[in-house]
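K.L.:
Can you make the complete structure from the sequences, with help from the hints?
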Amino acid sequence: MYQFSGRLKTLAIAFMVLGALGVALGFYNAPKTLEDAKEIMANQAAHGAHGNDHGETKHVEETHTEKKEDAHAEENHSAENSHSEVIVEEVQADSHIEDESHSEEIKEVLEVEKVHVATLDTHDSDNAHGASHDDAHAEHVFHQLQNRPWAALYVALLFFLGVTLLVLAFYAIQRVAQAGWSIVLFRVMEAITANLLPVSLILLAVLVASLLHMNHLFSWMTPGTFTPGHENYDPIVDGKSGWINAPWWMIRSIIYLVIWNAYRWFIRRNSIKEDTAENISTYKKNYNVSVIFLFLFMITESMAVWDWIMGLDPHWFSTLFGWYVLATFLVSAVTTITFVTIYLRSKGYLPKVNDSHIHDLAKFMFGFSVFWTYLWFAQFMLIWYADIPEETTYYAMRFNEYKGLFLGMVVMNFVFPILLLINSDFKSIPWFVVMGGIVILAGHYVDVFVMIMPATVGAQWAIGIPEIGAILFFLGLLIWTTFSAFAKADPVAKGNPFLGESEHFHYYNIEHRGEDADAHH
Amino acid sequence: MGAHEASKVIHALYNDDEILMDAVKKVKGEHHHIEEIFCPFPVHGLDKAMGLAPTRLAITAFMYGITGLSVAIWLTWYTMIHDWPQDIGGKPNFSWATNMPAFVPIMFELTVFFAAHLMVITFYMRSKIWPFKEAENPDPRTTDDHFLMEIPVHGNEEELKTLLAATGAVEINVVDKH
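Taken in sequence, the protein lines are chains P and V.
Here my numbering is used: the first residue of the first sequence is 1, the next is one more, and so on.
Here my numbering is used: the first residue of the second sequence is 1, the next is one more, and so on.
Please keep in mind that the hints were generated in silico from the structure rather than gathered at the bench.
Quick reminder that beta carbons are idealized off the backbone N, C-alpha and C, glycines included.
Treat the hints with care, since some could be wrong.
Claimed, not checked - Computed Cβ-Cβ distance ranges for the label pairs, DEER-style:
1. P:R513 to V:R126: 28 to 36 Å
2. P:E139 to V:F94: 40 to 48 Å
3. V:E136 to P:Q178: 39 to 47 Å
As the list claims (entries may be wrong) - For lysine-lysine, the following DSBU-like pairs were computed, each having C-alpha atoms within a straight-line distance of at most 30 Å:
4. P:K352 to V:K48
5. V:K26 to P:K352
6. V:K161 to V:K177
P.N.:
Okay, structure coming up:
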C-alpha cells in the first residue's frame with residue numbers, strides 16, 4: 001500500500017494555502033466602487049502599457065460588437081448595406097477632423113472586422129450619448145475589473161474540473177474498450193478522479209454566486225436582459241431564453257455534476273470490489289455502467305461546455321465547441337495521468353508499470369495534441385472563411401486583445417508536442433515526456449484562459465497573483481485528493497481479468513530499460 | 001563438397017511464431033547467419049531478433065511529408081495567388097500569407113498524400129517487389145500457416161540440421177538455390 005508522504009502533503013497544503021491567499025488578495029484588490037475603477041483606469045492611462053489609445057480602440061470595438069448584433073437582428077440586410085457605405089465615409093471624414101490617431105484605430109477595426117454597420121452604430125451612439133459615454137465606459141471597465149478575481153478562479157476551476165472529468169472519461173473508455181494495456185494504471189486514474197467531488201462543489205458555489213449577481217461573469221444574467229423595453233434588453237439572448245434562463249441553467253448544471261459524481265462514486269467503489277470478487281459479474285457490471293456513463297458523458301460534456309463557457313458569449317455559437325473543449329481537457333487529462341504515473345513509478349509504487357505504458361501515454365499525449373489542433377483550426381477556419389459578423393467577433397476579440405496568448409498556445413499545444421514527441425524513442429523517456437507535458441498543460445491552461453477571459457474581463461486581463469493563486473490552489477487540491485485516494489486502495493487493480501495482459505504489455509518497437517533485452521512475451 | 005556448395009541453403013519450417021522466435025535467437029546465439037525468414041504475417045520483434053538494422057522508412061516518410069508540404073505551398077501560391085489570383089469569399093488576394101487558413105487543408109492533404117504514397121513506393125523498391133513480379137517465396141505454405149527460415153550452408157550441413165531440429169522445426173530441407 002502507498003503512504004501519502006509527509007513532504008507531498010506539506011507541498012499540497014502549501015499550494016492550497018498560498019493559492020487561497022492569492023485568490024483572496026485578488027478579491028481584496030478588485031475595485032469596490034466605480035471611483036476605484038476610475039482611479040485604476042487613470043493609472044493605466046498614465047502607465048501607458050494598457051494606455052488610453054489602446055483602451056479607446058477596445059471600447060469602440062466592444063460597443064459595436066453589441067450594437068452590431070442588435071442591428072443585424074432588427075434591420076433587414078439590404079437597408080444595412082445601402083447606408084453602411086455612406087457611414088464609413090462619414091466616420092472617416094469626421095475622424096480626420098477630430099483626431100488623426102482615433103481615425104486610424106477605427107480603420108483598423110474596420111479592417112479587422114469589416115463590420116461597417118457596427119461602426120455606424122457606434123458612431124451614432126457616441127454622438128447621441130456623448131456625455132454619458134465616459135461613464136458607461138468606466139462602468140464597463142469597473143465590471144471587468146471586478147470580474148477579474150472571479151474569472152481567474154473560474155479559469156483554473158474549469159481547467160482542473162475538465163482535467164479530472166476527462167480522466168474519469170478516459171478511464172471509462174478503458175473499461176468499455178476492455179483495453180488490456182492500461183489495467184496497471186487504473187488505480188492512478190481512479191485516484192485522480194477523487195478530485196471531481198471537491199471541484200464540483202466549488203463550481204456549484206461559483207455558479208450560485210453568479211446567479212446571485214456577486215459577479216458579472218455571465219452577461220446574460222444582467223437584470224433586464226429578457227425584459228422587452230428594458231435598457232439592458234437583448235433580443236438575441238431573449239431569442240435563446242428557452243435554453244439560457246437562470247433556473248433551467250442551474251438545474252442542468254446540477255444534473256451534469258450529479259451524473260459525473262455518481263459514476264465516479266459507483267465505479268471507484270465497485271472497482272475495489274473487483275479486487276476481492278469471486279466471479280466476473282462485478283467486472284461485467286462495471287462495464288455496463290461505464291457504457292451508460294460514456295453515453296451520458298458525451299451529451300452532458302457538450303452541454304456543460306455550452307452552459308459554462310460558450311454561455312459567457314451568449315451571442316456567439318460554434319457547433320463543434322463541445323468537441324474542441326473535450327480535446328483540450330482530454331490531452332490535459334492524459335498528461336496528468338502520465339505525470340502522476342511517472343511520479344509514483346519513480347517512487348517505486350508502481351512496479352508493474354513499464355516503459356511501454358509510458359510510451360502509450362505519450363502516444364496519446366501526442367495524438368490528442370494533433371486532435372486538439374485539428375478541432376481548433378476547424379472551428380477557426382469555418383468562421384474565418386464565412387466571415388459572418390456575429391461569428392467573427394469571437395476571434396476579432398482574441399486577435400486584438402489576446403494575440404500573444406492566442407497564437408502562442410498553438411505553438412505550445414501543437415508545434416512543441418509535435419517536435420518533442422514525434423520520435424518513438426523519446427516517448428518512453430520520463431524526463432522528456434514530463435518536459436513535453438509541462439508545455440502541454442500550460443498551453444491548455446492558456447487555451448481555457450483565452451476561452452473565458454475575453455467575455456469576462458475583456459482588455460483588463462493579466463496573469464498575476466489572482467490567476468497564479470487560483471492555479472496553485474487547485475493544483476494543491478488535486479495533489480491532496482489524488483494521493484490520499486491512491487493511498488486508500490491497492491495500487492494494483494488485481495481483480496481485473498486483463499491484469500496479466502497489462503503486466504506483460506510490451507510495445508514491440510521499444511526496449512524496456514533495466515530489463516532483460518531478450519525478454520519477450 | 002561440390003562446386004555448387006556455396007549456393008546451398010537449408011530451409012527450416014516452423015508452425016508457430018513463438019517457436020520461430022526462440023529458434024531465431026538460438027541460431028543467432030550460435031553465430032549463424034540467417035538469410036531470410038518467410039512468414040504468413042508480420043511477427044513483432046523478429047527483425048530485432050534477426051539482428052536487422054532498424055528501418056529508416058520513418059525518416060523517409062518525414063522527408064516525403066515535408067516535400068508534400070512544400071509542394072502544397074507552391075501549388076496554392078502559384079495557382080491561387082500568382083498565376084491567376086482568385087477572389088473567394090472576398091478574402092484579400094495577391095497575398096499567400098493572409099489566405100493561408102484556406103490552404104491549410106490542402107497543405108495537410110498533400111503532406112499525407114506524399115508521405116503515404118512515396119513511403120509505400122520506397123518500401124516496394126527496398127523490398128524489390130513490383131506488380132506482376134514472380135513470387136520468390138520458396139514454399140507456398142509460408143503464405144498459409146508455416147514459417148520458413150533460410151540459412152546458407154558453408155560445409156556445416158549436419159551441424160545446422162542438428163541445431164535446427166533441436167529448435168522445434170517441423171521440416172528441414174537442404175536445397176540448391178538458383
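K.L.:
Each hint should be assessed against the structure and marked as holding or not.
P.N.:
These are the hints, each one checked on the structure:
1. P:R513 to V:R126: 28 to 36 Å: At roughly 30 Å between Cβ atoms, R126 (chain V) and R513 (chain P) fall inside 28 to 36 Å, so the hint holds.
2. P:E139 to V:F94: 40 to 48 Å: holds (44 Å)
3. V:E136 to P:Q178: 39 to 47 Å: At roughly 40 Å between Cβ atoms, Q178 (chain P) and E136 (chain V) fall inside 39 to 47 Å, so the hint holds.
4. P:K352 to V:K48: holds (24 Å)
5. V:K26 to P:K352: holds (29 Å)
6. V:K161 to V:K177: holds (17 Å)
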